[in-house]
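S.K.: So the chains spell out like this:
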Amino acid sequence: EPEVTQTPSHQVTQMGQEVILRCVPISNHLYFYWYRQILGQKVEFLVSFYNNEISEKSEIFDDQFSVERPDGSNFTLKIRSTKLEDSAMYFCASSDPSGTYSNQPQHFGDGTRLSIL
Amino acid sequence: LAKTTQPISMDSYEGQEVNITCSHNNIATNDYITWYQQFPSQGPRFIIQGYKTKVTNEVASLFIPADRKSSTLSLPRVSLSDTAVYYCLVGSRGTYKYIFGTGTRLKVLA
Numbered sequence: 001e002p003e004v005t006q007t008p009s010h011q012v013t014q015m016g017q018e019v020i021l022r023c024v025p026i027s028n029h030l031y032f033y034w035y036r037q038i039l040g041q042k043v044e045f046l047v048s049f050y051n052n053e054i055s056e057k058s059e060i061f062d063d064q065f066s067v068e069r070p071d072g073s074n075f076t077l078k079i080r081s082t083k084l085e086d087s088a089m090y091f092c093a094s095s096d097p098s099g100t101y102s103n104q105p106q107h108f109g110d111g112t113r114l115s116i117l
Numbered sequence: 118l119a120k121t122t123q124p125i126s127m128d129s130y131e132g133q134e135v136n137i138t139c140s141h142n143n144i145a146t147n148d149y150i151t152w153y154q155q156f157p158s159q160g161p162r163f164i165i166q167g168y169k170t171k172v173t174n175e176v177a178s179l180f181i182p183a184d185r186k187s188s189t190l191s192l193p194r195v196s197l198s199d200t201a202v203y204y205c206l207v208g209s210r211g212t213y214k215y216i217f218g219t220g221t222r223l224k225v226l227a
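Chains A and B are the protein sequences, given in the same order. With the numbering used here, the residue at position 22 of the first sequence is 22, and numbering never jumps. Heads up: take any position in the second sequence, counting from 1, add 117, and you land on the numbering used here.
Treat the hints as calculated values from the structure; they're not laboratory data. The C-beta atom is built at its ideal place from N, Cα and C for all residues, glycine as well. Do not rely on the hints blindly, as some may be mistaken.
Distance condition first, Cα-Cα at most 20 Å in a straight line; then the derived EDC-like pairs of lysine to aspartate or glutamate [stated by the list, open to error]: (1) K120(B) - E44(A); (2) K169(B) - D199(B); (3) K120(B) - E59(A); (4) K78(A) - D96(A); (5) K120(B) - E53(A); (6) K57(A) - E68(A).
Sample of chain B residues facing chain A (criterion: CB under 10 Å; computed from the structure) [as the list claims (entries may be wrong)]: (7) Y130; (8) Q155; (9) F180; (10) P182; (11) T200; (12) Y204; (13) Y213.
Please construct the entire structure, taking both the sequences and the accompanying hints into account.
M.R.: Take a look at the structure:
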């Protein structure tokens, strides 16, 4: 079964440094998403992306965050100047507008654990 | 987006059927109901989705009454490996985001 893959599985970064989290969505999917989950808390929506532009973003997704689809297969999340509170699991998801289910369920990767020191 | 309410936790024994009910009183006409499972340190995994009545796949069934204000995820004959957090999500076609609640933490006991 096709899956969303994320790299690296664990990223340790010094506060203030830039970090890029990478995702390879399922190949025929056209909608892409980033979520995060702080340890012990809910999964929180960050941003959705379609047709090379942001469709929707949350309050969390401030100017420190950006997303990009640099080529036909990757989808990245960049945090420009990391803060301690950015420590979390970051999940990428994708969905297919013409899938079996009319409501295009999102398929998630297993995440990147980001630790800010 | 309609808000959902689920029990915070449930315990069950191996081999039993588990039913987790989700309340979504403000569900809109175009909204679908989707359930996910999440293990520690893993991403949410899609289980099942439905709009009305009953949907069944190889791992679960989803029961949705006529008023669609609630739904019940049914897991037949659970095993220890079904211990996880289960999320009920509501959204319409073209939903660009899911709003996750706290989910239901299911613990399956031997």
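S.K.: Hey, K78(A) versus D96(A), does the alpha-carbon distance stay inside 20 Å?
M.R.: 24 Å, violated
S.K.: Is the Cα-Cα distance between K57(A) and E68(A) 20 Å or less?
M.R.: It holds: about 14 Å lies between the C-alpha atoms, which stays within 20 Å.
S.K.: Between K169(B) and D199(B), is the straight-line Cα distance small enough, at 20 Å or below?
M.R.: With a Cα-Cα distance of about 25 Å, the restraint between K169(B) and D199(B) is violated, given a limit of 20 Å.
S.K.: Holds or violated: is there a CB of chain A closer than 10 Å to the CB of Y213(B)?
M.R.: It holds, given that the least Cβ distance between Y213(B) and chain A is near 4 Å, below 10 Å.
S.K.: Measuring from the C-beta of F180(B) to each C-beta in chain A, is the shortest one below 10 Å?
M.R.: 17 Å, violated
S.K.: Hint check: is the beta carbon of P182(B) less than 10 Å from a beta carbon of chain A?
M.R.: 19 Å, violated
S.K.: What's the verdict on K120(B) and E53(A), does the C-alpha distance respect the 20 Å limit or exceed it?
M.R.: Violated: K120(B) and E53(A) sit about 27 Å apart, past 20 Å.
S.K.: Hey, does the Y204(B) contact hint survive, CB to chain A under 10 Å?
M.R.: Holds - the Cβ of Y204(B) comes within 10 Å of chain A, reaching about 8 Å at its closest.
S.K.: Checking hints one by one. Is Q155(B) an interface residue toward chain A, by the C-beta closer than 10 Å rule?
M.R.: Given a least distance of 8 Å, the restraint on Q155(B) holds.
S.K.: With a cut-off of 10 Å on the beta carbons, see whether Y130(B) makes it to chain A.
M.R.: Interface hint status for Y130(B): violated (26 Å vs cutoff 10 Å).
S.K.: Run the distance test for K120(B) versus E44(A): straight-line Cα separation, threshold 20 Å.
M.R.: The given pair, whose Cα atoms are some 14 Å apart, holds under the 20 Å limit.
S.K.: Starting from K120(B), check that the Cα of E59(A) is at most 20 Å away, please.
M.R.: 18 Å, holds
Of the numbered hints given earlier, the model fails hints 2, 4, 5, 7, 9, 10, 11; all others are met.
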